[in-house]
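S.K.: Construct all of the structure, not just a fragment, from the sequences and the given hints.
Number of protein chains: 2
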Amino acid sequence: MLDVLLNHRSIRKYKDQPIPTDVLNEIFEAGCKASTTGNMQVYSIVNTTRIEIKEMLAPAHFNQKMILMAPNVLTFCADFNRFKKWCVQSDAIPGYDNFLSFFTAAIDALLVAQNVAVAAESKGLGICYLGTTTYNAEKIIEALNLPKGVVPVTTITLGWPDEDPQKVDRLPLKAILHQETYSDYTSDSISDLYRIKESLPENIQFVKDNEKESLAQVFTDVRYKKADNEFFSSMFLDVLKKQGFL
Amino acid sequence: MLDVLLNHRSIRKYKDQPIPTDVLNEIFEAGCKASTTGNMQVYSIVNTTRIEIKEMLAPAHFNQKMILMAPNVLTFCADFNRFKKWCVQSDAIPGYDNFLSFFTAAIDALLVAQNVAVAAESKGLGICYLGTTTYNAEKIIEALNLPKGVVPVTTITLGWPDEDPQKVDRLPLKAILHQETYSDYTSDSISDLYRIKESLPENIQFVKDNEKESLAQVFTDVRYKKADNEFFSSMFLDVLKKQGFL
Chain Z
131 MLDVLLNHRS
141 IRKYKDQPIP
151 TDVLNEIFEA
161 GCKASTTGNM
171 QVYSIVNTTR
181 IEIKEMLAPA
191 HFNQKMILMA
201 PNVLTFCADF
211 NRFKKWCVQS
221 DAIPGYDNFL
231 SFFTAAIDAL
241 LVAQNVAVAA
251 ESKGLGICYL
261 GTTTYNAEKI
271 IEALNLPKGV
281 VPVTTITLGW
291 PDEDPQKVDR
301 LPLKAILHQE
311 TYSDYTSDSI
321 SDLYRIKESL
331 PENIQFVKDN
341 EKESLAQVFT
351 DVRYKKADNE
361 FFSSMFLDVL
371 KKQGFL
Chain S
131 MLDVLLNHRS
141 IRKYKDQPIP
151 TDVLNEIFEA
161 GCKASTTGNM
171 QVYSIVNTTR
181 IEIKEMLAPA
191 HFNQKMILMA
201 PNVLTFCADF
211 NRFKKWCVQS
221 DAIPGYDNFL
231 SFFTAAIDAL
241 LVAQNVAVAA
251 ESKGLGICYL
261 GTTTYNAEKI
271 IEALNLPKGV
281 VPVTTITLGW
291 PDEDPQKVDR
301 LPLKAILHQE
311 TYSDYTSDSI
321 SDLYRIKESL
331 PENIQFVKDN
341 EKESLAQVFT
351 DVRYKKADNE
361 FFSSMFLDVL
371 KKQGFL
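Listed in order, the protein sequences are those of chains Z and S.
Note that this note's numbering has the first sequence beginning at 131, numbered continuously upward.
Note that this note's numbering has the second sequence beginning at 131, numbered continuously upward.
No wet-lab data here; the hints were simulated from the structure.
Since this is a predicted model, take the numbers as computed values, not measurements.
The C-beta atom is built at its ideal place from N, Cα and C for all residues, glycine as well.
Don't take each hint at face value.
Each computed SDA-like pair below joins lysine to any residue, with the alpha-carbon atoms no more than 20 Å apart [to be verified]:
id : chain 1 : residue 1 : chain 2 : residue 2
1  : Z       : K269      : S       : F229
2  : S       : K304      : Z       : F158
3  : Z       : K278      : S       : N359
Chain Z side only, calculated, beta carbon under 10 Å to chain S, not exhaustive [as the list claims (entries may be wrong)]:
id : residue
4  : A188
5  : N275
6  : S313
M.R.: Take a look at the structure:
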């Protein structure tokens, strides 16, 4: 069982082969057993397979090829719409139009997403998370007809693997684990913790390919730039407002 | 393997028996294999076992008994502090003081939390998520000395189970799964989807115990009230500001 977790790799190439409905349902059933705040289940999963809808989703995900290639695109949403409708028709007055409720629903959705990912991998399927979901949430809302009270928080592409990538590197456990309370990092500990990552041949090549002086500069200047982060922050906050959470 | 996911129950009573360090490390290693945005690993886990620190955490979690009873309290944090320090000493200018970056780091932390939960359960351990983490994040920040750039997003109590609760009910899969795009709910579909939940003896008793007319009213009037949600929303947004993300 731990092997499934330990062997995780993101899979970005998929065979042209659908996933049987009973396998999908098993995965979703297992996914929904994840813990959920007060057992409210304030999330939804949208399972998209049709090419016309994938083509509407693709630009929101910067046309990453997995969207069109994977047989299934799963959009995980923070969802208070269903719960609020239930409240209203049960003579209960919902009070979930606020940021805390959005974040509660986002937690619910993300725990389910990871359970779905693990369940899928245990069946031999490959998955890839798309972080672009929160960048262009507005476009995803349009493509999937998400009503007020619903915000997409992550996306997983799902299919039978057609590649066998190496496992990704991770920082040593001591980098992310703090005993008792948080031990802040010193200049020396940072150097120590990132040394292996910086010395990997693929990362040295990555710095060279991007014509940068350090691996960190590839992140700050190329991959996750301040101006982009600020632009998409403002877009995402607008989405939270529009969907009724701010 | 799917059995581990399917058999999930929250465990709130624990034996007075520590978790061996090698078991814990296996769980954390498996946890950290979860997908992470751009392989940045912008999260931290604080593993608290000492009674003095648990006693500081307890009020933040409304003194839920699991905090003192569980041998290990794991606080999962969105963490850009480590990554930013690495950037600065690599002559890279970080641009992560914004809401999108907070949310990115929160996604990372929550996927790891769920992997840790699954890994722990596969070892026979019991877990319980504490949704109170975002209500009183400020108190947790104090208790655990979390620096700027770090925000606690969820907590798991962990230990050997000393109870055998029944599995919780979940809505039928069709309630949370949408095919192709989002199908909004009608009054009839809501009634249909919540019928089983409302008719469970324990939920009927729950309504009676709380002197309410419907199960939904127990949520809106007792458990997750509008005034509380709004109060804690404002507190949590203040924490995001103070920690440098808004």
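S.K.: Hints first: check each against the structure and report whether it holds.
M.R.: These are the hints, each one checked on the structure:
no.	hint	verdict
1	Z:K269 - S:F229	19 Å, holds
2	S:K304 - Z:F158	10 Å, holds
3	Z:K278 - S:N359	18 Å, holds
4	A188	15 Å, violated
5	N275	5 Å, holds
6	S313	8 Å, holds
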